[in-house]
Amino acid sequence: MKVLSIEFYGVLLALLFASCYSSLSFSLTFAEARHLSLRAGFGPESELINRLLPLGKGKAITYLLQRREKDFSVPPCAQETLIPYMQFKDFDDEKLMAFRQSQNKCKNALKQAYASHLLSNDSNDVLLHRMELFWHNHFTSSLAKVPYAALMYEQHNTIHKNALGSFRVLLHSVIRDPAMIMYLDNNNNNKAKPNENLGRELLELFTLGVGNYSEKDVKEVARALTGLSIDNANFVPRFYPERHDYAKKTILGQTGYFGLDAVLEILLSKPEVAKYITRKLWLEFVSEADDKAISRLASEFYQDWNISRLIRGILMSQAFWDDAGNMTKSPLELVVGGARLLPGMVPSKSVPNLVNRMGQNIFDPPNVKGWPIGSDWINSKSYVERVKFTEQLTRGLQPKRYKKSLSFLCERGASELAASPVLVTPASAKITDIAVNGEACVDDLARVFEHPAWQLK
Amino acid sequence: MAIKMNRRELIQFLLLVGAVGTVPLVCSAPLGGARKQRALVLVELNGGNDSLNCFIPLAQEARYKALRPALHLSAEERVKLDDNIALHKALSPLRNGWLDKDLALVHGLGYPGPNLSHFRSIEIWDTASNSDSYKTTGWLSSLAKQPAKSGVDALVLGRNSGPVAGGKGAVLQADLLRHFLGKSRQLGHIDGAKNNAAYSHLLSVQNNLVSVAKDLLPILQKKDVVKTIFPETLLGRQLAEIAQLINLGVDTRVYKVALSGFDTHRNQKPVHQRLLSQLSAALLAFREEMIRSGHWDDVVVMTYSEFGRRPKMNGSGGTDHGTAASHIVMGGKVQGGHIGTYPALPEKDNANMQFTTDFRALYQTVLDRWFEFPDIRLADGVEGALPLFRVS
Chain Y
3 MKVLSIEFYG VLLALLFASC YSSLSFSLTF AEARHLSLRA GFGPESELIN
53 RLLPLGKGKA ITYLLQRREK DFSVPPCAQE TLIPYMQFKD FDDEKLMAFR
103 QSQNKCKNAL KQAYASHLLS NDSNDVLLHR MELFWHNHFT SSLAKVPYAA
153 LMYEQHNTIH KNALGSFRVL LHSVIRDPAM IMYLDNNNNN KAKPNENLGR
203 ELLELFTLGV GNYSEKDVKE VARALTGLSI DNANFVPRFY PERHDYAKKT
253 ILGQTGYFGL DAVLEILLSK PEVAKYITRK LWLEFVSEAD DKAISRLASE
303 FYQDWNISRL IRGILMSQAF WDDAGNMTKS PLELVVGGAR LLPGMVPSKS
353 VPNLVNRMGQ NIFDPPNVKG WPIGSDWINS KSYVERVKFT EQLTRGLQPK
403 RYKKSLSFLC ERGASELAAS PVLVTPASAK ITDIAVNGEA CVDDLARVFE
453 HPAWQLK
Chain E
26 MAIKMNRREL IQFLLLVGAV GTVPLVCSAP LGGARKQRAL VLVELNGGND
76 SLNCFIPLAQ EARYKALRPA LHLSAEERVK LDDNIALHKA LSPLRNGWLD
126 KDLALVHGLG YPGPNLSHFR SIEIWDTASN SDSYKTTGWL SSLAKQPAKS
176 GVDALVLGRN SGPVAGGKGA VLQADLLRHF LGKSRQLGHI DGAKNNAAYS
226 HLLSVQNNLV SVAKDLLPIL QKKDVVKTIF PETLLGRQLA EIAQLINLGV
276 DTRVYKVALS GFDTHRNQKP VHQRLLSQLS AALLAFREEM IRSGHWDDVV
326 VMTYSEFGRR PKMNGSGGTD HGTAASHIVM GGKVQGGHIG TYPALPEKDN
376 ANMQFTTDFR ALYQTVLDRW FEFPDIRLAD GVEGALPLFR VS
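Respectively, the protein sequence lines represent chains Y and E. Per my numbering, the first sequence starts with residue 3, numbered consecutively. Per my numbering, the second sequence starts with residue 26, numbered consecutively.
Treat the hints as calculated values from the structure; they're not laboratory data. Careful: at least some of the hints might be erroneous.
[Stated by the list, open to error] Result set (DSBU-like, lysine-lysine): computed pairs, CA atoms no more than 35 Å apart in a straight line:
(1) Y:K218 <-> E:K373
(2) E:K174 <-> E:K193
(3) E:K239 <-> Y:K351
(4) Y:K371 <-> E:K294
(5) E:K373 <-> Y:K195
Bear in mind that the values here come from a model prediction, so they are computed numbers and not experimental data.
Bound-form chain Y, shown alone (with noise of 0.2 Å):
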């Protein structure tokens, strides 16, 4: 009775400690915070992994959205005083060249401020830095298209503050930013002659998603949006009565005397946005679509946009900690990512450069629709540039400058910081004793980072 009773509980307390470890357990795995670090944030940091160890799946998530910093500093050439659009055309062309010559180079400065942003140790909110990608993507406008580099430092500082927050104040916010506005014409959009460009897009990328609506569609939301431009003095988003169409339009069923938030309202009460969103998000984390998932999810985006009770969800669900490996890296996520793992290694300097030649070129996506995603990242033009970038993160590493990090990165082995190791073959051997064994950690760290699994997340 008494030997039984020993066995009871022995057979308890295993069950116990079982349940410990399992994925209801308090704490991640390294492969879990691997890959939580690899989708939320820029890859496997040492501190990030630290912290996020010890958690559980929901305890980290909620540590990931946590904001904690403000915005990046604007470079000072970004605060002065905009020269007003009436003043151009005293400008002789010399001057005109002047003029074009510093904004350019000040469009340059943000690009780099925001890469030392990126790259910085004070800067922890790896997601949030995600999500502004993410939204600038979304919403995209272009330094190329955009006059000063001021107004797509506004806008990002508008993306900043709403990008974990709620979609319809993202929304409302964003249409009415003026970089927004001349990055789609709607400067240019009057009752007399309209100008279709940010009708369109609102309804084909930022809200609907083709299929939702029709041609006439977009002439009456453009029309609704009539009037809405910049004041050319100082460059804050102005409505201008004399230019709006006040006739009556009919939107998606609806007819009304709409201007631009009452567009904005009809659209917010269509469930397909929310479902396009939501998708949309989706495969921003997972590598496939799960319809079930995303419409269970939309539905309660629907209900309040809640951003980061969406990311929660999709970040909760079984099929992205399923899905490690499965997706490629962005430019900005290798190289970021791998700036971090080695802090100093790469010039910030140099990151608005080496991203752009893999094809993601900072606040200035190719067109409308955004970069690439996914798979279409690489082709043999980009991937020869991301190789050539993994070569240079191991180039003139002196072990006994990187100790910290080399003890980090070698301890469990090189290969255990890919996101699928399995694939790197073979596997790395665990190196502890950097003082000694250095040398063996970089040229093994070289051998994982220029390994085709390495563009993997």
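Starting from the known structure of chain Y, arrange chain E on it as the hints suggest.
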């Protein structure tokens, strides 16, 4: 040449025996006297080219002027081809081909139920799908049924590999070949798992690069192959590289280049003028080089774009997205002249033109008559019967 050896093996063999540099790697006349490989050079006009201001319908001039008070081209800004059509002056270098009757203008190209979104419409043009059906492979992707010995079935210089993507063929994409072939030569071949789509794609790109670099680099590095001076624009340099490959007998079937910036919603006149000048100067050099080297009969050059633009100008000195458009087809075997009917300019102000020729009839003609792949059918009820090529 009785030894059975494909070109790749031949090159490796030559490398082994140390004969590189003394023996031409690729004969400029094809081995065994077989017919030279026919090639298609696609030129994408990215953004939606305003073909109405490229090829002005003189018979409809009054309406044209009325729709475009500040944007129409006056007699000084255009070059007359015949009583029906005048060219934008910036396109005047194309007149050589017109006079020699190896340049055709195919008018009114479009499709039923036109889509005015850039992305959807270029997808339709790239995949030759119906407006409301979705295809995942480009209209030229199945050409790889007979793989090229060069290891490159399609070479895409610049953006968008849409027309050749999704098939089994090896697609090489770069801005300029010479910039990266050297780097890719340093990669190594890797075998790997195939149940991960993202990884499979990476491996196929890497492995393709390894073999192609080995083959093409020596060909590209040969001096004095192209003798015509090409413009120093990116498009000019890209077409010069293509000319070099064709001159040296590389058997790639499809080449694609792209010129961007045609989405002229505002201030169109100077922008469009600059783009058309770049286009025509590069095409002129390419034509001259192909004639000079005796390959003009092996090449067809064809422009395309996601759509034409709205006949009526907008309030910003530009034009919004439109539908039907004319495009250029040129080559030594091309039967010059007008093909199809120029669409009527619309009576309603903000309306678009009605297409008169399904663009897939043009594609199908190229597949049937140029590549002689009649088993590839692009669309039900669309025949490849345009009188595009000389009967000889």
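Here is what the structure says about each hint:
| no. | hint | verdict |
| --- | --- | --- |
| 1 | Y:K218 <-> E:K373 | 15 Å, holds |
| 2 | E:K174 <-> E:K193 | 14 Å, holds |
| 3 | E:K239 <-> Y:K351 | 34 Å, holds |
| 4 | Y:K371 <-> E:K294 | 25 Å, holds |
| 5 | E:K373 <-> Y:K195 | 14 Å, holds |
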